[in-house]
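For the protein sequence lines, the chains are A and B, in the order given.
As numbered in my numbering, the first sequence has no gaps in its residue numbers, which increase by one up to the final residue, 419.
As numbered in my numbering, the second sequence has no gaps in its residue numbers, which increase by one up to the final residue, 110.
Just so you know, these hints were derived from the structure itself, not from any lab.
Cβ coordinates follow ideal geometry from the N, Cα and C atoms, glycine included.
Please note that the accuracy of each hint is not assured.
[What the hints assert, rightly or not] Taking beta-carbon pairs under 7 Å as the criterion, some of the chain A residues facing chain B (in silico):
| hint | residue |
| --- | --- |
| 1 | TRP200 |
| 2 | ARG211 |
| 3 | TYR212 |
[Said to hold, decoys possible] Away from chain B, derived, C-beta distances all over 12 Å, residues of chain A:
| hint | residue |
| --- | --- |
| 4 | GLU129 |
| 5 | ALA132 |
| 6 | ALA166 |
| 7 | ALA169 |
| 8 | ILE185 |
| 9 | ASP186 |
| 10 | ALA187 |
| 11 | ARG259 |
| 12 | GLY288 |
| 13 | PRO387 |
| 14 | PRO412 |
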Amino acid sequence: MEDPYSVLGVQREASAEDIRKAYRKLAKQWHPDTNPDKPEAEERFKAISAAHALLSDDEQRGRFDRGEIDASGGERAPAGAGFWRDHAEAPGGARYRSYAAGNPSATAEGGFEEADLEAFLARAFGARQSGLRRGADIRATLRVSFLDAARGAVREVGLPDGRTVQLTIPAGVEDGTVLRLAGQGQQGATPGDLLAVVEVEPHRHFRRRGNDIHLDLPVTLQEAVLGAKVEVPTLTGNVTVTVPPRSEEGTRLRLRGRGIAGGHQVVTLRPILPDAEEPELEAFLRGWTPRHQGNPRAGMAER
Amino acid sequence: MITLEDACARHPGLAREEVALWIEQRWLRAEAAPGGSWVLTELDVARIGLLVELRMTLEVSDELMPLVLSLLDQLYDARRALRGLLAALEEQPPAVRAAVLAAAKRQG
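Using the sequences plus the hints, can you model the full thing?
In structure tokens, the structure reads:
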């Protein structure tokens, strides 16, 4: 793309009138319909028109002069998403609202954006008119054990002002969720809210993936080879699970409905060798010829 | 929807692990996808651009990042609120708009 100023043959500080005059003159000169035998006229005319379109628009011209767009009018921005400011001020940008400003779990687009504005206006007008402001929100962090978070619980929480409130932790609550108790914040024209940010402590054995609960289950060599019925802890207590014969390391068993809200529990078997010497086992293995003598490393040496 | 890998690929020298750390610290609020992965929107990709700018180009330290991000996010909260307010003002009769502007001038 050529520099639009040189296309029109004007100075960078040319007035709008100069630009219009230069365009008229060149457009007449290079109009394809007046130059039927000059094939280059069409290209020339297009370039002149484009240059004029850019420079006759004050906003576009300013942006070109500042280097924000190129001569084709295209954005001179890094490839991809563009600058943060272009996104942050759009309604969806509210997903990244600051923690200080309110509820960090309300990440759904729309919706609370309006509530936000209402609160803003209420604070600006409504509350002041009545001579009283809305009471401030009280923020608190609530550490919850893994099992309480998964199963739900009721907690008594002491507030800085000495009050105690009951908080119901819904079953399956996730780390970072904010529980809001309306009207339990500080007093005011209308009382503020209590906002409790849930922090879920990790569990020694259970891990959560979505609504599924994952658990590594050690089994003995005998249980893995011969199969067995073993006790497995779940969120709601032990259940008996059948380990099928010849279970390999990593075999997964799914306990339907034993996860969170219809999720499952996934048990991964981890066979372990005896942790002390077993002379009988070793003697047996020395004298043992497997019936199915496959090489488990077959094919690994090839490329 | 954009994968974490695609988003990282737009910034040469940006390691996936670094971005995973950003998600953990909630500097980047990506959504978990099934299978332990993450899905990003254009908004998140722009956020990565911002984090890259701050961390790499401007060399903001780990300790300062929460403060800087919190201030930036508060600034944009305020700007969004202001935009909403201006849009609401736009819909008012000219007399109301004039009165608000005059009052705002007095507040200086």
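Non-interface claim for GLY288 of chain A, where every Cβ of chain B lies beyond 12 Å: Given that every Cβ of chain B is farther than 12 Å from that of GLY288 of chain A, nearest at about 14 Å, it holds.
Least C-beta distance between ALA187 of chain A and chain B, which was stated to exceed 12 Å: Given that every Cβ of chain B is farther than 12 Å from that of ALA187 of chain A, nearest at about 25 Å, it holds.
Nearest-CB test (12 Å) between chain B and ALA132 of chain A: At about 29 Å from chain B, ALA132 of chain A clears the 12 Å cut-off, so the statement holds.
Beyond 12 Å from each Cβ of chain B, as asserted for ILE185 of chain A: 19 Å, holds
Interface hint status, ARG211 of chain A versus chain B (Cβ within 7 Å): 6 Å, holds
Verdict on ALA169 of chain A as a residue remote from chain B, using beta-carbon distances over 12 Å: 28 Å, holds
Distance rule for PRO412 of chain A, whose beta carbon must clear each one in chain B by more than 12 Å: 28 Å, holds
Chain B versus ARG259 of chain A - minimum CB to CB distance exceeding 12 Å, so not interface: About 17 Å separates ARG259 of chain A from the closest Cβ of chain B, which puts it past 12 Å; holds.
TRP200 of chain A as an interface hint toward chain B, with CB separation required under 7 Å: 4 Å, holds
Verdict on ALA166 of chain A as a residue remote from chain B, using beta-carbon distances over 12 Å: At about 29 Å from chain B, ALA166 of chain A clears the 12 Å cut-off, so the statement holds.
Beyond 12 Å from each Cβ of chain B, as asserted for ASP186 of chain A: 20 Å, holds
TYR212 of chain A as an interface hint toward chain B, with CB separation required under 7 Å: Holds, about 6 Å.
In the structure shown, no violation is registered for any of the earlier numbered hints.
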